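For the protein sequence lines, the chains are B and P, in the order given. Number 693 in the working numbering belongs to position 693 of the first sequence; there are no gaps in the numbering. Number 168 in the working numbering belongs to position 168 of the second sequence; there are no gaps in the numbering.
FYI, nobody ran anything at the bench for these hints, they're computed from the structure. A hint or two may mislead.
Derived SDA-like pairs (lysine to any residue); straight-line CA-CA distance at most 20 Å [what the hints assert, rightly or not]: (1) P:249 - B:59; (2) P:281 - P:300; (3) B:840 - B:858; (4) B:435 - B:586; (5) B:836 - P:104; (6) B:56 - P:277; (7) P:120 - B:302; (8) B:61 - P:175; (9) B:96 - P:327; (10) B:142 - B:42; (11) B:299 - B:274; (12) P:329 - B:280; (13) B:420 - B:300; (14) B:133 - B:37; (15) P:277 - B:59; (16) B:76 - P:336; (17) P:120 - B:300; (18) B:757 - B:521; (19) P:281 - P:175; (20) B:472 - P:109; (21) P:329 - B:36; (22) B:133 - B:36; (23) P:175 - B:868.
Here the structure is a predicted model, which means the values were calculated and not measured.
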Amino acid sequence: MASLIELTLNNRLTQLDTTKNVKPDKPKGHLVDTPLYKVPFEYVGDLAKDTYGVVKGLRGKANDHELGKQNDIGMKLGSLAIAAYLMSFRPSNITKLMEVVGVGSFFTSMALWPKLAIALPLKMRTGVDIQQKYVDSYGRKKYFYQDPQYLAWDLYSKEQIDKMGEKMGVPYDVPNRDEVIKEKARKMAVQGNTLWMATAGFATPIATGLICSGLEPIVEDLRQKYALKHSQRIMDSQAWFNASMAAPKAKVKEFDSYITETMGSKIKDTKKLVSLLNWGRSQHISPLMDKSIEKDLEKLLSNAQNNVDLQYIEDLYNKFSSTLAKAGISKSKIEEYFKNAGLFGEQKTFIVRYQALKPNSEALDLADATKEILDELIDKKAKKATAVSLKSEIGKDSIENFVKDFNRKILDEETADKLKKVFNELSNYFNREGKLVQWENARNANSADSMRAHSWKKVTNEIFSAMGFSSKEIEEMSLEGSKTMKIFDDKVQELVQNPTRYQKAVKRIAQKIAEFDAVTGSETRAQYRDYVDRLCDLSQKSLKELGFDTTSSYIGGRPFIYNDNGVILNKMEALSGSLRNLKKVNFDEAILSERASMYRILQILDLNKRIADGTLEGQFNVISKEFPALFNPNFVAVEDTAKRTISKYGLNMHEAKLNKGMEKVGQNAYKTVMRLLYGHLPERYIKDATLDLISKSTSGEETIKYANGFLKAAQEKGIEAGYKVITDAGFDKIEISRLRTGMHPETIEALFDAGKKSGVDLVDNMKVYMQTFIENVVNTRQDGALRNHNLCGYDLTGSMKELAGSASNSLKNALVGIYPDKLLRDAANEISNRGKWLRKFGLGGAALLTGTVLATMFFGHLPKKEMYMKDGNK
Amino acid sequence: MSKISAITSFKQNNTKVAETQTKSNSAYYHDEERAKREELKESKILPDTFKTKFNIATHKVANTLSVYPTKGFAGDKNSNFYEFLTMGMFPYVTGGLTFIALFNGITKHFSPKYAEKAGKYGLGMALGVIFYGIAKEVSKKLISVPVKMKTGINMDEPYRKVIDLIPRNCEEATKEQERQEKLKAEGKEDNKAFEYHTTFESVDFPRMDLYYKTGKGENRNEYFDMIAEKNGFGTNLPDSDQEVKPFIKEVVTKARTAQTLSQYLWAAVGLGIGVQKPWGKLLNIKTPKYTGDSVFKYIGKNIKTFGACFKDSCVEFFNGGVKGAINPKAKVAGRAILGLAVLTTVLGTLNAVRNPYMNRQKSTDNNNVFTNNNKVQEG
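Bound conformation, chain P alone:
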């Protein structure tokens, strides 16, 4: 099979899978009994679509605000590390909001002169915090997208993990077992919980197993063949999975490192843009009552203002101010941070996608040949 055809066929298959998965997935969310039973049984890769991500986010947010803290405060046995980490989004959001409140919370109590000054400063810091968060999250894509394009490895491939819940104690366990037996007969067992992870979230234990095709007549190594072919390991390899697994792990590790380092620098850039002066114009926005505009016109106009502010702020961040009032230190600092962010992103991505295995594989192969000339001695 030629390289292109292998990739194309994988893509086609994958699209089919994605379609069916989307179908079943949506079915799950709409509580279709049959689909639910199927889906419940095992962990499964979900199609990497906006819809899935939206659903996962909803699941996480809803649980963070309800189930997880309830379990956590009760000290539940099933409250695990995943739930703790998921709840980690809560301090992120509340922390951002508290920071905004710190800078803006009491401005209105100040005398007008100070209130105006504090208001502008507060707005800058508030936008800074918001842009910090946005830039931090979005910038990860700057690495994961090119990595996927070059190597075919999707770092953000979501999968649903099915967790069997532990009974609270031995006494309960027996009762619980009986109850579940009954429920199972009806196909309604409720001793499962879902966690949403990405397949390469752990580099020590990546869920490569989820990529095997186990259906009848399916190419078991289809995914690994695709990766092998795309990254120059060759085609029709007898054990493509064994060949590419270390490679995948390495790519993911490198890319993750690059993401971690660059995301905070991008966040700093985001904050830098948020604290620029042009945003002050937003403070002058009047209420629709005052302007007499229709709602749509009003929204449209203000989106335009926001856009203009954003553009001006980006320019000012880059130039260290407007012409004639350049702050040379801010210019140097701003450009340095931006440069560093771009550099870590670009170099990090290049470092991640290069394939050192090709050369290494050959040299190790040679060394592993036991010949009379090359006898391995102990120690």
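Isolated chain B, as found in the complex:
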């Protein structure tokens, strides 16, 4: 069919009045003046139009304008593809997100640069908007000044042109004034567009970089908040808790096809099956989970004990006896043994005997049994002599294989069904764990996405800005490891001399630390423990029902028993081979490690403050009374060494140098010094001082009342409980805290202030940390935690193995945290790298912007001679 237009045209031309109806339509063009709030809608509308242009293009019907606009679509598409690809490389969510932000910033800077740097100053000065858009009669949106040789001036009203002229300052006596105004505007546009082309290449990437680096913290904050909320919502909704969450399709398919393949045959090697079942393995716990599943599989796939058939034992006997006879062992001896062992008689006897050998074994492991028979039959000497021939005759492998092969059940429907159920149950576990991991990752994980990493960055950044390091100092700290602590120490010395600055700096740093403490407080940890319990309980129960006892108990484990203060009483015992407990401990220790690293910075500041105003010396004197060993001529040396070490290494307990320093003065002195550093004054002294404090601040009768209350609580529940009594009674909090922690009053005051906003008692948190440190690091090992520590190993069967030599356990490692020099140097590196980048490109960007704006000042100039030309500029 011919189109309607064709038909109409045909009719007009052939049948009707040809002149009347064929004439141009009235022009419908207009200037575009979009208010700011409509810009997003306009953007979407334009995008839709452009996309329609692509469709038209594919049909071969697009016009030049639409083809040109396709470029925008293609560019956006390509940029998104690039962002998607680069995202797949980025390790964390925030870096992934920044790729998208990058694309957005790129397009924004590309669009905004000519508007803000060129068009806006020109418009403000002259009233001419060289980025003005208009819609032509065909609905195509274009830049008004795009083609300076074809300007649709009729879209501007006389008033609008006059207004421009007034702002430009075109005199009224100019002949052809409108033309002059238009010419000036045209000139401006050509100049402005040329400037745009000249500068955009430099401005767009720089602006993109600057926008991104400005947006990163904001985006990160928002993402963080979202991740916290989102993961909490998942946990609250309890959807994760409900059963039957299937494994990924590919995994299910793989598992099913394996079962179909092996159906009706014996599964000799369980490795493949283990890896199929344990599809959600995490690197950290995989070996243990693998082992548990393997053990359970052995049981599931082997013939049950009471199914040991006589034929097999006969076969076994025949094989052994013939081979052993060849090895020179008399037949009678073998027979005797087998008879005793019950192999020829009741199977039960054999099993009883075997179990007597290995009282704890539940399953009959024939592989081990054969080995033992061999061991018993052949005495050591004979064994040596016959080992070679035996091996060549039957070979150990072949015995084992023979036994294993016999031991295995043929995979039948029932077992396959059971395996499928186990697979589903484990899938449930992994899926639930995945949800929990998401919750955990948002808060406390070793990835750039976690809140822990986020606050780490905040705290480390705050250290540098609060203490007032110059960018040059930061750079030096980042470049040379040896200088890091030196520069830091100089700054600390400078700070401690000035109480106001000191308190301000401590408060600022502590505020950020308190923010972290607030979200990783006991509530969060209790919540996590609850989630872990729910997760593990479910799987423990259902796996046990399926007969996967080892895996079940590995996941479930023995529950921790906590005392009133939250200390685990049965840690060593309960940690043995339990995923539940491992998870809890790892979670807590990760938080502890981060806290420790941060607290140590505060401690360094506090310690130097104490040294600077002599408090430490006073405390030394007190301590030395408590430890008579220190009453010797060497004491001065101890004190001196301690001070020097502290100022030099900033509490780097791991440093061999420090240890060496301590060796000189002896272990007792070392412990004493450490106690002092960690605010662990002798109890008797604290009591005396506390009583003294009470007596000073109240009247006689009340003194006795409070003192008695304090002493009673302290005796019954420990000194901390005593403090609670007197702080509750309204005694000077700072004074009491000073006694509890040994810290400087100024530090304590700053810490109290800092914790207010987040509702965190930092002093108390630090006190708990210090105490744990003393108990677990100072009192147990002379050298503290070492740099090359190993995490303690856990194995399936039980005991927590503390690795020998240079190793320290994970708690110690957590308590020591990150060494201040490493922390400071890494942070300095990041800050200084970012700073260098910002300085260089920020300055470049600023210079470019200034230059561009200044250049626009000279645009649109028309010499007087030309302005007053009679014929104008036609």
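Using the hints provided, position chain P relative to the given structure of chain B.
Frame of chain B, contents of chain P only:
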């Protein structure tokens, strides 16, 4: 005339034309007076050869760096949209270089550990930017070449447009006219400027007119006959030009759309290859002083290294990493982008070269016959 012979004869003629054009063209560039005068008069298709393209590129680059911005900053009346668009290459190149600088500019100020890390990252991004540009430009050929092979339409046929420059104002116009008259007598008028376009650059106003043969004894519609024959419109058509013009326009529009969509995807593929790990080997290249190689050996060796890096990077892009360290997300994303690029290219080309006119022509023809049974009513 058989189909083959028509095409062959066109090709032969075309080669002849190309030869003469090359001759005159080269003459123009070497300022041979006579040739210059001839050439100056009107817009003309140039032979689509490497040399022409090189010359055009040189012309554009030289002008972008000198004449166009000078005119632009002066607000010259003759500074037009073409010059603005040509200058568009400048932000492209400087933008790429600035991006490279952003990623590499301050690496050397970092401490060694960070510098190495940043250096590798920066190199990846730099190569990414370069490959982005190369892939974007080269990939257009993946569509234009098959389109030319199938339909005979050369989307990149260059032509030189002669522009008559506008005098700056009326007063000057009179003087200028006199001056040009004088110059013209000597054959040296300088009120012309050249622009280099491609004939189908605008689909609204394609320069089909340049394809007519107007010489004595020449077949006026030779080009359109060739297109008609090649695309099944038939031979010896009375108005082959009228028949094939809409077809050409449609092919060019479709192919251009396909190019626009696919080129950025290819660019993304280029960037993807640029950011792969194997390129890190380039950082280990020592100076010839260090290796003690002769210059040729040195260059040869490094070209080899570059080639090996390129090959490995392509493989890694496709596989999402090396065996054993596959990043499944990168694998999926990489293959998806590559697949999309190939798909848009292939489907876009197929869409462009099919000829819907054959069927459409027949059906419209039928409808346009006015019979008693098929009377057209108004509305």
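Status of the hints after comparison with the structure:
1. P:249 - B:59: Between residue 249 of chain P and residue 59 of chain B the Cα gap is close to 11 Å, so the pair holds against 20 Å.
2. P:281 - P:300: 16 Å, holds
3. B:840 - B:858: 28 Å, violated
4. B:435 - B:586: 17 Å, holds
5. B:836 - P:104: 12 Å, holds
6. B:56 - P:277: Roughly 41 Å separates the two Cα atoms, so the pair is violated.
7. P:120 - B:302: Judged against 20 Å, a Cα distance of about 54 Å means the pair is violated.
8. B:61 - P:175: 47 Å, violated
9. B:96 - P:327: Within the cut-off at roughly 15 Å; holds.
10. B:142 - B:42: Holds - the C-alpha atoms of residue 42 of chain B and residue 142 of chain B are around 14 Å apart, at most 20 Å.
11. B:299 - B:274: Cα-Cα ~13 Å, so holds.
12. P:329 - B:280: Satisfied, since the Cα-Cα distance of roughly 17 Å is no more than 20 Å.
13. B:420 - B:300: 13 Å, holds
14. B:133 - B:37: Satisfied, since the Cα-Cα distance of roughly 17 Å is no more than 20 Å.
15. P:277 - B:59: 41 Å, violated
16. B:76 - P:336: Distance ~16 Å between residue 76 of chain B and residue 336 of chain P Cα, so the pair holds.
17. P:120 - B:300: Outside the cut-off at roughly 52 Å; violated.
18. B:757 - B:521: 15 Å, holds
19. P:281 - P:175: The given pair, whose Cα atoms are some 65 Å apart, is violated under the 20 Å limit.
20. B:472 - P:109: 13 Å, holds
21. P:329 - B:36: 39 Å, violated
22. B:133 - B:36: Holds - the C-alpha atoms of residue 36 of chain B and residue 133 of chain B are around 14 Å apart, at most 20 Å.
23. P:175 - B:868: At roughly 19 Å apart (the allowed maximum being 20 Å), residue 868 of chain B and residue 175 of chain P satisfy the hint.
Checked against the numbered hints above, the structure violates hints 3, 6, 7, 8, 15, 17, 19 and 21; every other hint is satisfied.
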